[in-house]
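What follows is the residue order along each chain.
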Amino acid sequence: MARIGVYVCHCGTNIAGTVDVAAVRDFAAALPGVVVARDYQYMCSDPGQDLMRKDITQMGLDRVVVASCSPRMHEPTFRRALEGAGLNGYLLEMANIREHVSWVTAGVAAATRKAKALVAGAVRRVALHQPLEERYADVTPQALVVGGGIAGIEAALKIADGGFRVHLVEKEPSIGGQMAKLDKTFPTLDCSACILTPKMVAVAQHPNIVLHTYSEVERVDGFVGNFRVTIRHKARSVDMQKCTGCGTCWSKCPYTAPSEFDEGLGKRKLIYIPFPQAVPNKPVIDRERCVKFRSGKCGACQKLCPTGAIDFTQQDELVEESFGAIIVATGYSLLDPGRGPWGYGRYPNVLTALQLERMINASGPTGGHVQVQDGGTPRAVAILHCIGSRDQNYHEYCSNVCCMYSLKLAHLVKEKTGAEVYNFYIDIRAFGKAYEEFYNRVQNEGVYFIRGKGAEVGSRDGRLLVRCEDTLLGKYREVPVDMVVLSPAMEARPDASHLSQVFGIQRSADGFFLEAHAKLEPLKTATDGVFIAGACQGPKDIPYSVAQGAGAAAEVLRLLSAGRVTISPVVAQVAAEICSGCRACLPICPYNAVSYDEVTKVARVNEALCKGCGTCVAACPSGALSVSHFRTPQVLAQIEEVLAV
Amino acid sequence: MNQDFEPKILGFFCNWCSYAGADLAGVSRLKYPANLRIVRVMCSGRVEPTMVLKAFACGADGVLISGCHPGDCHYQQGNYKTLRRVPLLERTLAQFGIHPARFRLTWISANEGQKLVQVVTEMVEEIKKLGPFPGTRARFPELAPHLSGATVIPGGAIPAPGGATTTVGVPGATLVAGGETHD
Ligand SMILES: Cc1cc2nc3c(=O)[nH]c(=O)nc-3n(C[C@H](O)[C@H](O)[C@H](O)COP(=O)(O)OP(=O)(O)OC[C@H]3O[C@@H](n4cnc5c(N)ncnc54)[C@H](O)[C@@H]3O)c2cc1C
Ligand code: SF4
Ligand code: SF4
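Chains as they are written, first to last, in numbering that gives the first Met the number 0: chain G, 0 to 644; chain H, 0 to 182.
You may find that some hints are simply not true.
Which bits of chain H does chain G cover? Going by a derived footprint, with three or more residues having C-beta under 8 Å, they are [what the hints assert, rightly or not]:
hint	stretch
1	14 to 20
2	39 to 51
3	54 to 65
4	88 to 96
5	104 to 115
No farther apart than 20 Å at their CA atoms in a straight line, the calculated lysine to aspartate or glutamate pairs in the EDC-like style are these [stated by the list, open to error]:
hint	chain 1	residue 1	chain 2	residue 2
6	H	Lys30	G	Glu316
7	G	Lys452	G	Asp426
8	H	Lys114	G	Asp509
Quick list of the computed label-pair ranges, beta carbon to beta carbon [stated by the list, open to error]:
hint	chain 1	residue 1	chain 2	residue 2	range
9	H	Gln94	G	Ser44	49 to 55 Å
10	G	Ser294	H	Arg90	57 to 63 Å
11	G	Thr229	H	Arg83	42 to 48 Å
12	G	Pro620	H	Pro131	29 to 35 Å
13	G	Asp220	H	Gly130	35 to 41 Å
14	G	Ala136	H	Pro131	29 to 35 Å
Since the hints were derived computationally from the structure, they do not count as laboratory data.
Each residue gets a CB set at the ideal place from its N, CA and C atoms; glycine is no exception.
Produce the complete structure using the sequences and hints provided.
Take a look at the structure:
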């Protein structure tokens, strides 16, 4: 007979406020196999764990049930406590009477009954637990960072400086992300390129960094410590070894297309580098538009290239690499304001904030002049905050950074043009260090603040008209201006759903990637060894993105320097004497962990590949398969008991 | 409808999405009926038909399997296996005379605490209308020994009457009599 100890946690009033813990304790004490049942204020505290350890040694307990919070929270804690008293950590079962009972149930009677049911299930189940030994696997001492924006760059540099090899995969022809497009950065107004470019160059030159630009991750197999990743190098049509970046091709290409980097305001050639400081400083051919690819004519770049680097026949290339850990830092997109009533796409002088960034930038499409379409200087400019943010029709969330960059843009426009600048806002959210001070400064510079959302943009007498409800005056207003700047919501990238499947990351309701724990594990994901950093997790400014990049790097360095990872001992086994050799389990396993042994004529599980999902077990018609810790008798016993109360 | 009747619903929840979703409902202090009792499995693909039958046999008035949304499975495709297995199970349940409203497969992700509340609330309402499930044990007392956890043999199968081993654990067609009426 098992000797079980049951510990019912109060969690302060979190549990004890709704569940009659004394009644649950007494109920547990009477269950078969239970030697001792106690209730205690905080089981996870040191004294709580001591209590348990003492009972284990003094009363000779061989199984423990803790009725407290979710096992997803404290299972590792209590496993360690058991081990501290010389008991195998897997001889523990938790009954989740907080997340699944006290916090979700109205009424003490109902909650107490449900708590008893869960405890009864746990007691029956723990009696069937078996000691399990954790396994270890070596870690491939190399990391993958996906996304070369500021978050990914920071992460890659930190890991590389820590002495490990890093592969950085960037979808676009150059790293840099959205920050590369910005002119100045709030609240200090330092030039964005001046602080970003040195980091980009450091990436290019770092002996520990392998850069894959114009590339995407196609496939991820394996698990923490040993991910096998397939990377697709999209055909650049330029031989990176031969190309010296001399620029002859892009200066001579006779055709142009709208520049993505300049947000459509300027033009680029069909063989191009996205911006002058691009890393790598080597071009790519826009195959969709290139005349050579469309009609076989032209080919000017190939004729003129001094090193013969142009290769129209280049194919996509697939590269396979192994990594111990992965950081995903794929950033954000901006909402397309053409969907709304703000005149975007209808009036040429309605711009997005990112377009204005490019316009203000000295190397941008207008050489740094803020100008309306006919080339004149605007006399009045409206900046509309919260376009698609804090808006039931688009995104409920606040995009965090738009208030601050709208203030920055107001300052820059005023400085460059002397125009009247109107900021239409709902609230100003200047939450960061030195942000409120910056807001005060911009107010003192004479920028107008109208508390009311820019509801609609129309036109009258050749000028633009911003309509709004001024909530401070309680009045409807129409403000005539020459230029309207929209601050669109930051949103999840359109391929976020695809990426979430490739990397096994979950997403929150807003579409951004979901962290493992909102407060305590902001960089981890549901998949061990896969981390997230930067604006792919939610709207963030540069300082926050950098901090996350560095934080994710620390997580990765921790894994890589440990050199080995523990692997869960929850794996499948075949009872050879029962297996009929039908092979029903073989195609079921997502990891090809089950094979058929031609000699013994039975199935065999490769424990190194098995992840313990148990899907094969449910498929075995002979009942020959089982999966440790979730063996059928364990689950059936739990079912029976959970329903008995 | 019996107003005092509080159905017992057994939930098989996968560790990665649905169990986490239920945790989130808790963290967010969303209230839902206390009728749901969750058994954690690593993957919805782990749930054997036997386990569902076992639950009905042991007094569940409803059974809910919940996993990650298709495409989001932590084990790549475990939930697809569940998806394919369930129609067969539903036919078996129908043969036992179990009303379809008593069994549900649903997808709840780690951030869908609200969806859990909605699913449970709906299920409880529907089952309250149906009334208690008589239970295989009550209706077929001769099967009781085979349905108790105590007789389960290692390896997980349940011996069926006559000594043959079957994962269903309850012989089929002859048990239809006395089932619930449903369309
Ligand atoms: C108009 C405007 C002004 C701003 N001004 C400021 C400011 O003054 N100060 C400030 O602190 N913040 C500012 N921000 C916010 C700033 O842009 C972000 O904080 C920052 O860019 C986030 O960095 P990131 O690396 O997380 O994402 P990103 O900059 O979006 O970088 C992500 C990178 O990942 C790449 N990528 C995406 N998908 C894939 C894939 N599947 N495979 C490989 N690579 C991929 C992208 O191409 C990109 O290079 C501003 C934002 C806007 C819109
Ligand atoms: S082939 Fe012609 S169109 Fe194409 S990139 Fe070269 S020069 Fe430009
Ligand atoms: S438990 Fe899952 S991973 Fe392991 S062998 Fe079975 S199906 Fe494959």
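Structure-based check of each hint:
| no. | hint | verdict |
| --- | --- | --- |
| 1 | 14 to 20 | holds (count 5) |
| 2 | 39 to 51 | holds (count 11) |
| 3 | 54 to 65 | holds (count 4) |
| 4 | 88 to 96 | violated (count 0) |
| 5 | 104 to 115 | holds (count 4) |
| 6 | H:Lys30 <-> G:Glu316 | violated (53 Å) |
| 7 | G:Lys452 <-> G:Asp426 | holds (9 Å) |
| 8 | H:Lys114 <-> G:Asp509 | holds (15 Å) |
| 9 | H:Gln94 <-> G:Ser44: 49 to 55 Å | holds (52 Å) |
| 10 | G:Ser294 <-> H:Arg90: 57 to 63 Å | holds (59 Å) |
| 11 | G:Thr229 <-> H:Arg83: 42 to 48 Å | violated (28 Å) |
| 12 | G:Pro620 <-> H:Pro131: 29 to 35 Å | holds (32 Å) |
| 13 | G:Asp220 <-> H:Gly130: 35 to 41 Å | violated (50 Å) |
| 14 | G:Ala136 <-> H:Pro131: 29 to 35 Å | violated (50 Å) |
Checked against the numbered hints given earlier, the structure breaks hints 4, 6, 11, 13 and 14 and satisfies all the rest.
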